[in-house]
Structures are given as structure tokens and as C-alpha cells.
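Student: Sequence:
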Amino acid sequence: MMKQVFTRPESLKDVSTHFCPGCHHGSVHRLVAEALDEFGLRSQTIGVASVGCSVFLYGYFDVDVIEAPHGRAPAVATGAKRARPDRIVFTYQGDGDLAAIGMSEIIHAANRGEDITVIFVNNTTYGMTGGQMAPTTLPGQKTSTSPFGRDTSKDGSPFKMAELLSNLDGVAFSARVALNNPKNVLNAKKMIKNAFRYQVEKKGFSFIEALASCPTNWGMNPLDANQRVTDELIPYFPLGIYKNTANM
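Whatever position you read off the sequence shown (first residue = 1), add 29 for our numbering.
None of these hints come from the bench; they were simulated from the model.
Mixed in with the good hints there might be a few duds.
[Stated by the list, open to error] Under the rule of at most 30 Å between Cα atoms (straight-line distance), these lysine-lysine pairs were calculated in the DSS-like manner: (1) K218 / K189; (2) K42 / K231; (3) K171 / K42; (4) K218 / K232; (5) K222 / K189; (6) K222 / K232; (7) K272 / K212; (8) K189 / K171; (9) K231 / K218; (10) K212 / K183.
[Said to hold, decoys possible] Each pair of labels, with its calculated beta carbon distance range: (11) G178 / N216: 36 to 46 Å; (12) R111 / M31: 14 to 24 Å; (13) K183 / M132: 13 to 23 Å; (14) M31 / S182: 16 to 26 Å; (15) P114 / G185: 32 to 42 Å; (16) M30 / E192: 29 to 39 Å; (17) S45 / S182: 41 to 51 Å; (18) M31 / H137: 49 to 59 Å; (19) R111 / N196: 37 to 47 Å; (20) P98 / V34: 34 to 44 Å.
By construction, the Cβ of each residue, glycine as well, lies at the ideal position given by its N, Cα and C atoms.
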């Protein structure tokens, strides 16, 4: 009999995923759950779900979850962490949520150095509501609200959140990762684990930006969407650690 070496993390519920084929949300979920398991944090963790595809956090994670209004997950997480400083608190947000209606919330939470972990899934589109242009939509990218492509002369340039937040004094750790190949997945796991370790060690605000695919709204099959992450997203949003106070 062969030995089973790959199992479901305890921090994930034993349910089938509803995410579209090729979507990277499931991969990010697993990496977050593995980090919680490796630190033994499941019973003391509070997740904060915002609006968008990220909202389904509560259906997959076997931890306490608070539902936040659109864009307000950092504020809700701040309240939870201040009320229960003994808990591990993380938000799970998409680009339409965090970088649009929630921009003020994330900036101020990061600037205050709130002792929370933020997982930011950047697929350059509003995934749940029809594929509208997001704050991270690439120049020239066609969406349901930019059918001729994003025009930076009118719409501005995409926000680079990992770099932006790294300039704030309250941020202890800021990194960008991707889920497009095994090497990057392994690195993403390392970075996500480090972000949670910083909270365990009470070092302050930690931020992970994960570049992800959205085959449905990109109008691509899963393989082509994954390749787009390699060919277009990573060149525009370079991977790496943008701030690490342990090295300062």
C-alpha cells in the first residue's frame, strides 16, 4: 500500500471548491491553511472576509470568520485584534475590494502598524461582479468597463500595493508572490508563513500580495490564464520582498 503524503490541511474544511477552473484562490487558501497548521494556530485564528470572491473564506476555512462590509476588512480586523490581542487575525481580500473602496482602510491600518496579516489576491479584475476594471488592471487590458483597454491617460496606472505599503513606517513585512508554477508556489508558502510568523512574534503589520489568474473574466482557458500571469502580470508587478524589518 502506498503511503499518503499529501493531505488536506486541518484549517480547511472538507468541502468541494466552487471556484472556477484555473482560479488561484484555492491555492492561496491552501497555503494560508498550511501556515496556520504549521504554527498550530487554527483554534486561535480569526479570519476577516471582505466582498468579492474573497468572501467565500468562511466556507472553506475551519476558523472563526467575521464578515466585513466592502473594503472594510482592515478596520474590522483592527477591532478584532484590539479586542482580542491573544488571537491571530488576518484579512483575505481581492484587488477590487482592497485597492478600490478599501484603499483608505488598508493605508491607515498599515500606517498604524496594526498587528494583523493581510492576504491580498491580485487578479487585475473584479472577479465576482462581472470583470470590471480594477485599480490593478494592466494598461491596455480589456474588461467589461474598459472594452478598448485601460487608458492610463484617463484611468491612471495600476496600483502596486506591495511597494506602496512598504513605504509606511507601520509595515513590518511586505512581499509579492505568484501561484503560476511550482517554484513560485513554494516561495509563496514561505512568504505567507513568514507573514504569520511576524504576527505570532508581535512585530506588526504584514502584507502578502499574491498574483493570481481569473480565467473566466479574462476570457481564457486555465492554461492560457496561468501563462498570462507569467508573461504579463509578473513583469508589471515584480515578485519579491519589498520590506522586511528583520533586515533593517
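Student: Decide, hint by hint, whether the structure agrees.
Tutor: Cross-check of the supplied hints:
Restraint check for K218 and K189: satisfied, since their Cα atoms lie roughly 21 Å apart, inside the 30 Å limit. Distance restraint check for K42 and K231: the Cα-Cα separation of roughly 28 Å lies within the 30 Å cut-off, and the hinted pair is therefore satisfied. A threshold of 30 Å between alpha carbons decides the hint, and for K171 with K42 the separation of about 36 Å lies outside it, so the pair is violated. In summary, the hint linking K218 to K232 is supported, as the alpha carbons are separated by about 19 Å, within the 30 Å threshold.
Using a Cα cut-off of 30 Å, the hinted pair K222 and K189 holds, with the two alpha carbons roughly 22 Å apart. The suggested pairing of K222 with K232 holds, with an alpha-carbon distance near 14 Å, which does not exceed 30 Å. With a C-alpha separation of about 21 Å, the suggested pairing of K272 with K212 holds against the 30 Å cut-off. A threshold of 30 Å between alpha carbons decides the hint, and for K189 with K171 the separation of about 19 Å falls inside it, so the pair holds.
For the suggested pair K231 and K218, the alpha carbons sit about 20 Å apart, so the restraint of at most 30 Å is met. For the suggested pair K212 and K183, the alpha carbons sit about 37 Å apart, so the restraint of at most 30 Å is broken. For the pair G178 and N216, the beta carbons lie near 31 Å from each other, so the given range of 36 to 46 Å is not met. For the pair R111 and M31, the beta carbons lie near 48 Å from each other, so the given range of 14 to 24 Å is not met.
The beta-carbon spacing between K183 and M132, approximately 19 Å, falls within the hinted interval of 13 to 23 Å. For the pair M31 and S182, the beta carbons lie near 59 Å from each other, so the given range of 16 to 26 Å is not met. In this structure the hint that P114 and G185 lie 32 to 42 Å apart at CB holds, the actual value being about 38 Å. Evaluation of the 29 to 39 Å hint for M30 and E192 yields a failure: the beta carbon distance comes to about 50 Å.
Taken as a hint, the range 41 to 51 Å holds for the pair S45 and S182, whose Cβ atoms sit roughly 45 Å apart. Between M31 and H137, the C-beta spacing of about 52 Å keeps the proposed range 49 to 59 Å intact. Taking the beta carbon of each, R111 and N196 are about 24 Å apart, not inside 37 to 47 Å as hinted. A beta carbon spacing of about 41 Å between P98 and V34 agrees with the range 34 to 44 Å that was offered as a hint.
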